[in-house]
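Visitor: Those protein sequence lines, which keep their order, are chains A and B.
Following the working numbering, the numbering of the first sequence begins with 1 at its first residue and continues without gaps.
Following the working numbering, the numbering of the second sequence begins with 1001 at its first residue and continues without gaps.
No lab work stands behind these hints, which were simulated from the structure alone.
These numbers come from a predicted model, not from an experiment.
It is possible that part of the hints are untrue.
[Claimed, not checked] Below 35 angstroms or equal to it, Euclidean Cα-Cα: the simulated DSBU-like pairs (lysine-lysine) are:
| no. | chain 1 | residue 1 | chain 2 | residue 2 |
| --- | --- | --- | --- | --- |
| 1 | B | Lys1056 | B | Lys1070 |
| 2 | A | Lys65 | B | Lys1056 |
| 3 | B | Lys1059 | A | Lys65 |
[What the hints assert, rightly or not] A short, non-exhaustive set of chain B residues, derived as facing chain A with CB atoms under 10 angstroms:
| no. | residue |
| --- | --- |
| 4 | Pro1043 |
| 5 | Leu1045 |
| 6 | Leu1061 |
| 7 | Gly1082 |
| 8 | Thr1084 |
| 9 | Leu1086 |
| 10 | Arg1092 |
| 11 | Ala1095 |
| 12 | Phe1100 |
| 13 | Arg1105 |
| 14 | Ile1108 |
C-beta atoms are modelled at their ideal positions from N, C-alpha and C, and glycine is treated no differently.
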Amino acid sequence: SAVISQKPSRDICQRGTSLTIQCQVDSQVTMMFWYRQQPGQSLTLIATANQGSEATYESGFVIDKFPISRPNLTFSTLTVSNMSPEDSSIYLCSVEDPGTREDPDTQYFGPGTRLTVL
Amino acid sequence: TQLLEQSPQFLSIQEGENLTVYCNSSSVFSSLQWYRQEPGEGPVLLVTVVTGGEVKKLKRLTFQFGDARKDSSLHITAAQPGDTGLYLCAGRQGAQKLVFGQGTRLTINP
């Protein structure tokens, strides 16, 4: 399975500022995703990070607020722009492993970045 | 409306008891995954089920995929405090993105 690291692991930020979260994978992967998990909630997909092209955003998420980069097959960044307290969440990077016939298309998650906006 | 309904959403039981968590949908999934997430960490994959009626065991955990591939269950035997966490089911429909249930927050009391 892929090993995923994220930086920073947590941060406390002021309203109006921006934070860039990094995601590094130990192997080349085609599909990388960014999720948000609000306190006590399940996971919501923000966008799919596409290598060499613009990210694909889900309904309710826009590029101006959550710009994403994917310069290569092992790395991606998510920026949370012009933050407000409502952006306080855990942000998770995920990759898809084509897997085997028995365990196809499995997704693995990074440890998450816990963001608190004051 | 939630595509995948998990129940119960909260469960607190004593060590040694058995429990079952359910993940239900009116839609068919090509595969379904179960994750456990502990505080301060990302979800960790427990199992993927792909065949209707499939049963997979992971020590004291038994996972079942419904015959029609619309539902799944997770049964824990003789629960231990180390089983405490948020359990998430997630389903995939063909090449579509993964869809998550609301999660079941499980607490095992010593």
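Visitor: Could you check the structure against the hints above and give me the numbers of any it violates, in ascending order?
Guide: Structure breaks hints 2, 3, 6, 7, 8, 14.
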